[in-house]
Amino acid sequence: MPEPEATGTERNTASPATTPDSPPPTGGLSPRSVAAWVLVALIGAIGWGVLALSRGEEISAAWLLAAALGSYAIGYRFYARFISDRVLKVDKTRATPAERLDNGVDFHPTDRRVLFGHHFAAVAGAGPLVGPVLAAQMGYLPGTIWIVAGVIFAGAVQDMVTLFFSTRRDGRSLGQMARDEIGPVGGAAALIAVFAIMIILLAVLALVIVNALAHSPWGVFSIGMTIPIALFMGVYLRVLRPGRVTEVSVIGVALLLLAIVAGGWVAESSFASTFTLEKETLVVWMIVYGFIASVLPVWMLLAPRDYLSTFMKVGTIALMALGVVLAMPTLKMPAVTDFAARGDGPVFAGSMFPFVFITIACGALSGFHSLVSSGTTPKMIQKETQVRVIGYGAMLTESFVAVMAIIAACIIEPGLFFAVNSPAGIVGTTVETASQAVTNFGFAISPEALAQAAKDVEETSLLSRTGGAPTFALGMSQIFSSVIGGAGMKAFWYHFAIMFEALFILTTVDAGTRVGRFMLQDTLGNVHKSFKDISWKPGVWLASAVVVGGWGYFLWVGVKDPLGGINQLFPLFGIANQLLAAVALAVCTTLLVKSGRLKWAWVTGIPLAWDVAVTLTASYQKIFSDDVKVGFFAQRDKYQTGIDAGKVLPPAKNMDEMHTVVTNATVDGALSALFALLVIVVLLDAGRTCFKAISSPESIRLSEVPWTESKIVAPAGLIPTAEERAELAASGLDSGGGRAKEPVA
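All letters in the sequence shown, in the order written, are residues 668 to 1412 by our numbering.
It should be emphasised that the hints constitute simulated quantities derived from the structure, not laboratory data.
Remember, predicted model here, so these are calculated numbers, not experimental data.
One or more of the hints may lead you astray.
Unchecked claim - Estimated spans, in silico, between C-beta atoms of each pair:
| no. | residue 1 | residue 2 | range |
| --- | --- | --- | --- |
| 1 | L1344 | V955 | 32 to 42 Å |
| 2 | T997 | E1099 | 24 to 34 Å |
| 3 | A1312 | P1229 | 20 to 30 Å |
| 4 | S940 | F745 | 23 to 33 Å |
| 5 | R905 | T948 | 27 to 37 Å |
Every residue, glycine too, gets a C-beta built ideally from N, C-alpha and C.
Modelling step: build the complete structure from the supplied sequences, incorporating the hints.
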């Protein structure tokens, strides 16, 4: 077949098998299917109606579950298919980078079920677990609306479209795509912003893991065992029993469950001290692991470990959802609290707009996802047609995690929620002072109830256990103990949840390190062409060392100094992540315009406009607000005034810490301004490029690689359709797909 020239028009970039005016693949609905989808829509609509119309009374969390699941199903079946078939025009006859550049290291065609697990595990970090918990301060309704609507129209769209365009460009990183497609000015700004933000995000995620695993022999043993199990699975799939995904899944899950149970045995045995690690030791091991995972062939450790982790992640969340259906817990938190209007909440300061959307982030829209969608995943995907299930589907799955997190936060008593999530400077250090402080918020809880809540989960205290993770564990333990074991099992489920959260986040750190390596190699490739080969060994080792050295340094200092290292940059996490999403959506919108899809540019353009409005508003407030709880420079001025007066202000304990707070606030404010400025440069240059593409389309050239015919046959979704099963059978292949063994009939 002839290879079309990679020009700037949609007609010329279509493969010989399609044209821009040809109708998209149809999947006509039978009367039975129509009835089923109407029922799904009704369930979702009723769920939303109950949530929106409740007026002060407690309602079952099952209604929130129904609203989310109904919306996800409609979004995936109709909106995601519309984008895939009509907007992107995915082409199953076109070879992907994994097929064309397969080298067994970074480029490797991977079964879509394994790749779905890898992609989900890589993008689902701390955000969907803790962000919604913190946002529950505003009530359950604002966060739920953003989680569900945000993922359907923004987050999942970003992930899928970024994955598609990166796949068409040999898996180029987001920053490099910005440089190639927007221009050298906007591209340089994007490269700097994306890499700096990524280092901060990885260090923050790593800190959460270190805090969760410190002095936890159960967690360290169970999570450590996932590494040899994953190595075995990788060798099993590639050497021992190639393509036997179902077999290795059963074996891997059995071994994982054994590791989790054995972790409990180890914690009660004489080996407990061996696996009881200090934070500094955990940092060293994480840095070593991050480097190794980044340089090993992707099929050997990273993909099977992520796939294995997905079983535990999705399985636990699914069981939690089932527990909600069986136990029918009620939502104790109001639909909207007074803090939403006042903006003076004890958990985080700021008004509902923009800070609910910044706090939740990963459950609805996350810039970090675009790095994975333009990092490991496009180098492993078998067929373009799989971008829907992997890009859009995995993000919907993560959003469901966020829904379960907000349920977990809102089914516990509001008084307990605020006692756990408020800083010690607000609620004090005793159950009496915490009870009084929470009562002043308008949510009464007795000192006895606070003490009993800690006793139930075998903790000395739950006061000021900020960060969201302990609250999620409390909610999970309440749901599970209601179904299995009763109150006597609450402590077990609480500590299981803490370990689960650490496992949930760790997969993001190792995948993120590899993505960072790709990004740095792409950037260095603009200077020295050898780096453009992302499997070139010296480049692999150097880039990996730089990336782990970057986040490892901030992590190490943060562990040693509670006010230093990544603790200094932690306040930038939410805004930086959303600014990264603005870069990704700007690149996607530019590519839609340049490739002749102007009429569909609203698909990413509208989410881009919303994200820019949210993040730049938040950035402006963090830089210029006079409220010391919000503005970085206002906080700096307050503590500088204290220094000048010789006073020590909390949380500082001495004058040295006062100076550190001033330095941190100054750095955070300056970086907020820098990141916002870099994103504005990207947006302006993207606007210039789009205008040029519209006014002079003949002058536009894309960096898209030429069309090459694919020899791989594989289903588009997790479950093959009847037509796909017939095609696989005619090619002599099982459900995993692969290169045709004989001509397709």
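Evaluated hints:
1. L1344 with V955: 32 to 42 Å: Given a distance of about 36 Å, which is inside 32 to 42 Å, the answer is holds.
2. T997 with E1099: 24 to 34 Å: For E1099 against T997, whose Cβ atoms are near 28 Å apart, the range 24 to 34 Å holds.
3. A1312 with P1229: 20 to 30 Å: 24 Å, holds
4. S940 with F745: 23 to 33 Å: 56 Å, violated
5. R905 with T948: 27 to 37 Å: Given range 27 to 37 Å: holds, Cβ gap about 33 Å.
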